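Please take these sequences and the hints and turn them into a complete structure.
Here is how the chains run, residue by residue.
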Amino acid sequence: MSFEDELGEALRRIGNTFDSDQQTLLTTGVERGRRTVRRRRVLAVTASVVALGLMGSGAYAGGLLGDGSGETNVAREAPSLDSGRVFEIWKKLAPAGTFSQEKVLPRKPGEYAHVSFVYDDGKGAGLVEFRMGKADLRAGAEGCEPADRKCRARSQTDGARSLNVESHEAPYTTLDTKSVRHQIITPEGFVVEATVWNTPDPRQATGTRKVPVLMYDLHRLNANEWRNELKKFPVPDPLGGEPAVDPAFVNPLGKISGTELTSTFKGLLPAGSFSDEKGRGTGDQLGPAASFVYDDGKGKAGVTAELYRVDPHGYSTRQYTSCRRVPHCTVTTSADGSKVRVYREEYGKSGGFRKFWTATYLSPQGHMVEISEWNTPERDGGRATRDTPPLTVEQLRVLVSSKKWQPALDELPAAPEESVGGATRPTWHEADEYVRQLMHLRQSAKSGNPHVKGCDSTCWSRLTLNKDGLGAGSVEVSLDKSRTNKTGDTLLDVRQERVEAGGKGAVRWIVTASLPGGKQVTLTAYNAPTPDADATRNSPPLNVPLLKKIALASQWNDEAYLKAMERPFPSR
Amino acid sequence: MNGEGMRQSRADEFMEFAAGRTGHLFRSACLLTSGDTHLAEDLVQETLSRMYVVWGRMARVDNPAAYSQTVLVRAFLSHRRRRSATERPLAEVPDETATPGGEPEVRISLLQALGELAPKDRAVVVLRYWEDRSIAETAEAMHTSTAAVRTRSSRALGKLRDALGSSLAEFVAR
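Those protein sequence lines, which keep their order, are chains L and H. Numbering-wise (this note's numbering), the first sequence opens with residue 1 and increments by one. Numbering-wise (this note's numbering), the second sequence opens with residue 1 and increments by one.
Treat the hints as calculated values from the structure; they're not laboratory data. Note that the structure is a prediction, hence the values are computed from the model and not measured. Each residue gets a CB set at the ideal place from its N, CA and C atoms; glycine is no exception. Certain hints may be false.
[To be verified] Simulated coverage check for chain H against chain L, where a stretch passes if three residues somewhere in it have a Cβ under 8 Å from a Cβ of chain L:
hint, region
1, 18-32
2, 115-122
3, 132-146
[Stated by the list, open to error] Pair ranges (Cβ atoms, derived):
hint, chain 1, residue 1, chain 2, residue 2, range
4, H, Ala-118, L, Glu-417, 35 to 41 Å
5, L, Gly-122, H, Val-53, 42 to 48 Å
6, H, Ala-136, L, Arg-35, 33 to 39 Å
7, L, Asp-21, H, Ala-163, 42 to 48 Å
8, L, His-219, H, Val-53, 38 to 44 Å
9, H, Ala-136, L, Gln-319, 38 to 44 Å
Quick look at the structure:
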């Protein structure tokens, strides 16, 4: 009997020993299937339901659902915009065409207007549904949903964001019923939204035209007419009720010194000699760390330990604890929920392969310990002094999870949630994106951009941002070429202050940093579109960890990189 | 027959089919998951749910039994994809259930050896040697080429041979 035949026979015998409650499996499976079918039906008729609401007898708007329900009362008591005025503005903004079936629809809490009408530009009629009100900041923060067939989110120069969701992929060559939803979220936190169809009745499978009506006119939602109407309403709370970042996270007050941390680290290592010791305490704005050159008798090697407090569920944290598409990387999860990721990298051939091994520990509470080691004394470059770094992967794993780090970790304040406060341990890529944007702005200086100044001795530019949808803020960068850091240490200073003689409620976060031998970079982030404007959000648009990362980016000292950024991007 | 009646008779058909296949699907799923009966149950439910959804269109499929097997393998592979590929729990408690079929050592070592194969390799082994599918059928079920199935198959057989040695021959000879 061949091995294949033996395997087949063994599989049959062993497979047949598995037994389960088939009836339960069957019922649960079928119930799941029924749910899927129901969900698909609901999705398929969503458009029809909308249409029914629009075409219906107006029962909702008329209050037939009863006065007792809070939902229906909200619309009556809350501030609203006269629907006549809405239709008037539409007629003014839309290209020549006919308007019919104008309807006022029930408003949700926070909505100032919700209407629909049928528009015909002479090439076929289509339904338009329009709403205006306070933006749902939390729902809109990410922009596109994974389920959207085709979706594009953009930031506008005035700090507003736009979102465009299409039900079908272009080119539109068929008459299938389709829709486009376009949304503008203003820097103040208002939303103006229109959904347009290629049919007056979305319940029908096919429309009267291939392309939804007014599809190419949706930028008119940006028109001043709408903004002027919105000015009559109170500005929504820019932070949507979210608490501001804990100041202790920005300026830590830890007591453990860098020297103490370095000796803790040394105590954990096998006997050997130590030189070039450096340490940062738990009160240091760069975060606690210890580093030295370690020699176990087989050659000198650089070793560092860094401690962080991060949001354990944050997206930036995941990048340090996942091995997705990363070679030579493993993650192990312990019974208590903590994770250790080990990553090994080999690079360069000059003077033998340089090797860099690192282990990252993350506890469920967000305590992070990272220990890195090289087979060279210097962190970046230098000849390999030994075959492999001094500590084995197993030793790294034990060292990062050591309880000896706990007292220092306990002194670090809990990190804010990333979904609210942004990355708590930003990656190089994230910072690089902003460096690129800030530097690239300079090339437009020649075309008269007022947000940019020349770059002979000091470069300066400003970026208006509203990526999280919590309101417009701005970030300024100033690169002082005449001031270089002559010390051997990284210099960093973080200040949070009210803007003197600034707009109402305006605050700024100033991060000044320079790498050893590098130029001084100052980043100033405002919670307002400009330093003299009133605050449009509670805190600046980039959080302190990210500002630090941007200010400490090595690209600021890379002349070739900066030069490249000055050239215009190739036109498409 | 009116629409309602037709729907009812299709539903009856499905229940009959599902009742006949559930046991076999579960056993396949156990081999695919190398003995993780909880995951196997989940995969079978997922398979039945997907079959329920497409049942109305099943007239176009010649062999619903084989199709459900394909659905199961695809559900297994997409489950594997969803999970992080390199993450493995340290404190894994092996799910030691009673072994009604006897020969516990061979059973455990075969399941362990299966568990050490890459998920796609394991799927090839299950389809080829448990389901008796041809290379072409296996390739179709896994959305891959016949060459890839051959490669996976010989790699997997090599690993299983190394892990199990002659114990299978003794086991089968009993």
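Each hint, compared with the structure:
no.: 1; hint: 18-32; in the structure: holds (count 9)
no.: 2; hint: 115-122; in the structure: violated (count 0)
no.: 3; hint: 132-146; in the structure: violated (count 1)
no.: 4; hint: Ala-118(H) / Glu-417(L): 35 to 41 Å; in the structure: 37 Å, holds
no.: 5; hint: Gly-122(L) / Val-53(H): 42 to 48 Å; in the structure: 43 Å, holds
no.: 6; hint: Ala-136(H) / Arg-35(L): 33 to 39 Å; in the structure: 35 Å, holds
no.: 7; hint: Asp-21(L) / Ala-163(H): 42 to 48 Å; in the structure: 32 Å, violated
no.: 8; hint: His-219(L) / Val-53(H): 38 to 44 Å; in the structure: 40 Å, holds
no.: 9; hint: Ala-136(H) / Gln-319(L): 38 to 44 Å; in the structure: 42 Å, holds
The earlier numbered hints that this structure contradicts are 2, 3, 7.
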